[in-house]
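Asker: Knowing the structure of chain A, use the given hints to seat chain B on it.
So you can see what is in the structure, the chains are spelled out below.
Protein chains: 2
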Amino acid sequence: MYLLLGGTGYVGTAFQKYLKEQSIPFRNVSRAECDYTDKDQLDQLIKDLKPSFLINCAGYTGKPNVDACELHRAECLAGNGVLPGTIREVCESHQMPWGHVSSGCIYTGRREDGGGFTEEDTPNFTFRTNNCSFYSGCKALGEDVLEGAERCYIWRLRIPFNHQNSPRNYLSKLINYETLLEAENSISHLEEFVRCCTETHAKQVPYGIYNVTNTGHVTTQEVAGLIKTHLLPDKAFQFFSDEDEFMKLAAKTPRSNCVMDNSKLLSTGIEIREVHEALIQSLRDWMSDEG
Amino acid sequence: MYLLLGGTGYVGTAFQKYLKEQSIPFRNVSRAECDYTDKDQLDQLIKDLKPSFLINCAGYTGKPNVDACELHRAECLAGNGVLPGTIREVCESHQMPWGHVSSGCIYTGRREDGGGFTEEDTPNFTFRTNNCSFYSGCKALGEDVLEGAERCYIWRLRIPFNHQNSPRNYLSKLINYETLLEAENSISHLEEFVRCCTETHAKQVPYGIYNVTNTGHVTTQEVAGLIKTHLLPDKAFQFFSDEDEFMKLAAKTPRSNCVMDNSKLLSTGIEIREVHEALIQSLRDWMSDEG
Numbered sequence: 001m002y003l004l005l006g007g008t009g010y011v012g013t014a015f016q017k018y019l020k021e022q023s024i025p026f027r028n029v030s031r032a033e034c035d036y037t038d039k040d041q042l043d044q045l046i047k048d049l050k051p052s053f054l055i056n057c058a059g060y061t062g063k064p065n066v067d068a069c070e071l072h073r074a075e076c077l078a079g080n081g082v083l084p085g086t087i088r089e090v091c092e093s094h095q096m097p098w099g100h101v102s103s104g105c106i107y108t109g110r111r112e113d114g115g116g117f118t119e120e121d122t123p124n125f126t127f128r129t130n131n132c133s134f135y136s137g138c139k140a141l142g143e144d145v146l147e148g149a150e151r152c153y154i155w156r157l158r159i160p161f162n163h164q165n166s167p168r169n170y171l172s173k174l175i176n177y178e179t180l181l182e183a184e185n186s187i188s189h190l191e192e193f194v195r196c197c198t199e200t201h202a203k204q205v206p207y208g209i210y211n212v213t214n215t216g217h218v219t220t221q222e223v224a225g226l227i228k229t230h231l232l233p234d235k236a237f238q239f240f241s242d243e244d245e246f247m248k249l250a251a252k253t254p255r256s257n258c259v260m261d262n263s264k265l266l267s268t269g270i271e272i273r274e275v276h277e278a279l280i281q282s283l284r285d286w287m288s289d290e291g
Numbered sequence: 001m002y003l004l005l006g007g008t009g010y011v012g013t014a015f016q017k018y019l020k021e022q023s024i025p026f027r028n029v030s031r032a033e034c035d036y037t038d039k040d041q042l043d044q045l046i047k048d049l050k051p052s053f054l055i056n057c058a059g060y061t062g063k064p065n066v067d068a069c070e071l072h073r074a075e076c077l078a079g080n081g082v083l084p085g086t087i088r089e090v091c092e093s094h095q096m097p098w099g100h101v102s103s104g105c106i107y108t109g110r111r112e113d114g115g116g117f118t119e120e121d122t123p124n125f126t127f128r129t130n131n132c133s134f135y136s137g138c139k140a141l142g143e144d145v146l147e148g149a150e151r152c153y154i155w156r157l158r159i160p161f162n163h164q165n166s167p168r169n170y171l172s173k174l175i176n177y178e179t180l181l182e183a184e185n186s187i188s189h190l191e192e193f194v195r196c197c198t199e200t201h202a203k204q205v206p207y208g209i210y211n212v213t214n215t216g217h218v219t220t221q222e223v224a225g226l227i228k229t230h231l232l233p234d235k236a237f238q239f240f241s242d243e244d245e246f247m248k249l250a251a252k253t254p255r256s257n258c259v260m261d262n263s264k265l266l267s268t269g270i271e272i273r274e275v276h277e278a279l280i281q282s283l284r285d286w287m288s289d290e291g
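Going down the list, the protein sequences come from chains A and B.
Residues 1 to 291 in our numbering are what the first sequence lists, from first letter to last.
Residues 1 to 291 in our numbering are what the second sequence lists, from first letter to last.
Please keep in mind that the hints were generated in silico from the structure rather than gathered at the bench.
Treat the hints with caution; some may be incorrect.
Note: identical chains are not told apart, hence a pair may lie in one copy or across any two.
Here are the simulated lysine to aspartate or glutamate pairs, EDC-like style, with alpha carbons at most 20 Å apart [what the hints assert, rightly or not]:
#  : residue 1 : residue 2
1  : Lys-39    : Glu-75
2  : Lys-173   : Glu-191
3  : Lys-50    : Glu-33
4  : Lys-252   : Glu-147
5  : Lys-63    : Glu-89
6  : Lys-228   : Asp-244
7  : Lys-203   : Asp-48
8  : Lys-228   : Glu-182
9  : Lys-50    : Asp-285
10 : Lys-17    : Glu-277
11 : Lys-47    : Glu-33
12 : Lys-235   : Glu-182
13 : Lys-252   : Glu-112
14 : Lys-20    : Glu-274
15 : Lys-264   : Glu-70
Next comes chain A alone, as it looks inside the complex:
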């Protein structure tokens, strides 16, 4: 049986749906039911439920966006920096495997050689590089806290999207924002992300960090073009002239835009689609009602 923490969030809901479809027995435990941020309560929960695997999709993301994390720093640190360490300690004491939903937002740009960032590259959008949002800094500290963790998968998600309209869906954001920022990104199809994460455990690939993004990368302009072609032919997209204008007019804290390399994931035999293919299918299947 799997134990899911944070299962009511955007990513957690997708995990629940996938595990149900796959008939994998699981329990989603809410913090109201058990405050799993408390080591002793999490330990007792694991003693009671005896799960074979734990999935942590709990974390603090600002609402409506990452700017809110600048104002809720303690919650952001607790949810993204401390909680992974608490779970690690308890899971290691039970010698139990587990996986943590991390983020590719701890990188910016591309590698110096022009390639996407691999799991070996030191994150470059962190407190230590002093260029990041408070959110990215906290996510990077979460990975610091997991350095050397045993029986632990670290799954890096990047800008989730799928075919269902939602305030958290990248496609919905592009459709609804008044003005867009041109940037180059690797991104993650939500249902493929949760399938790949689950498969790392099911297929017993080696523990460690995995960039779980669709193959390749896209620019905002490209995605806007796909939205016009496949969903909203009359939509006129407006762009900020550059990142300075974006920071001046629309944002309180810098965004991570980056290209990731998913070849470590692919090398395990786990499959994930090319990003344009995944985007086009999501737009063809688009459901404008949430859920």
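Answerer: Relative to the frame of chain A, chain B by itself:
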């Protein structure tokens, strides 16, 4: 009535002693009694006790020294980065003044102009400057989390010492370490520190950050000389040849060594002795039995 959090630690014990001497009524609450790291429990505690002022001397310091924080990252982040934010939120909701024991260990060296660091200087031994220990990084995040806090004193302690032998006392460390690192530091006499902190509230000086260090600075060589002159005439002190040797042989993570400027504190009329005077008196009154 004052509410003391972390009152059984090295600094907290000194607060308890001082408040008793001054006949200031207070309650020291342990985490066993109330888990004040939980917002709701701290809120209820304040509703029950109705304190007029809260003193936070709870925090995570590694044992036997700061190297241990490299191995206990989540606890270090929780105790030094998240807890101040939790206390802030609850105190602000009660419009209650409070003080937080921070640290000068978020600086290294001196100001570019040769002076000591003032409260206006941006910390330069932090995750953002990427040169620090995990402990210093977490203490600096604690100050980030308190940015703009209302009715809040941030008291910066540096390397506490007094006349009582203790594993936490700077003088005991110099006496007991096999080899010393030459460095220049501002340091805090423990009893003067807690008196000054308490006086900031009692005298209603403006809220904000205060460097609560004895006036001036000392080198390790100087303090070793004072120990020989006033306490252990036959003691032979050995020094590492430089910081590289110290890092190679004795330490897992870099130490903060820095000169602080305490003129903001002095400008309020609160008095603190010149550092050599405070050191000599501590050595003359030396008690080799703890407590």
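Asker: Decide, hint by hint, whether the structure agrees.
Answerer: Going down the list of hints, with the structure as the test:
1. Lys-39 / Glu-75: The answer is both: 17 Å in one copy and 11 Å across copies each meet 20 Å.
2. Lys-173 / Glu-191: within (18 Å within a copy, 56 Å between copies)
3. Lys-50 / Glu-33: within (17 Å within a copy, 30 Å between copies)
4. Lys-252 / Glu-147: For Lys-252 and Glu-147, the Cα distance is within 20 Å only across copies (16 Å; inside one copy 30 Å).
5. Lys-63 / Glu-89: between (29 Å within a copy, 18 Å between copies)
6. Lys-228 / Asp-244: neither (27 Å within a copy, 60 Å between copies)
7. Lys-203 / Asp-48: neither (26 Å within a copy, 53 Å between copies)
8. Lys-228 / Glu-182: within (16 Å within a copy, 67 Å between copies)
9. Lys-50 / Asp-285: Classified as neither; 39 Å inside a copy, 58 Å across copies.
10. Lys-17 / Glu-277: neither (22 Å within a copy, 69 Å between copies)
11. Lys-47 / Glu-33: within (15 Å within a copy, 25 Å between copies)
12. Lys-235 / Glu-182: Intra 17 Å, inter 67 Å, cutoff 20 Å: intra-copy only.
13. Lys-252 / Glu-112: For Lys-252 and Glu-112, neither the intra-copy (27 Å) nor the inter-copy (30 Å) Cα distance is at most 20 Å.
14. Lys-20 / Glu-274: Answer is neither; intra-copy 26 Å and inter-copy 69 Å both fail.
15. Lys-264 / Glu-70: neither (33 Å within a copy, 28 Å between copies)
Consistency note: the structure conflicts with the earlier hints numbered 6, 7, 9, 10, 13, 14 and 15.
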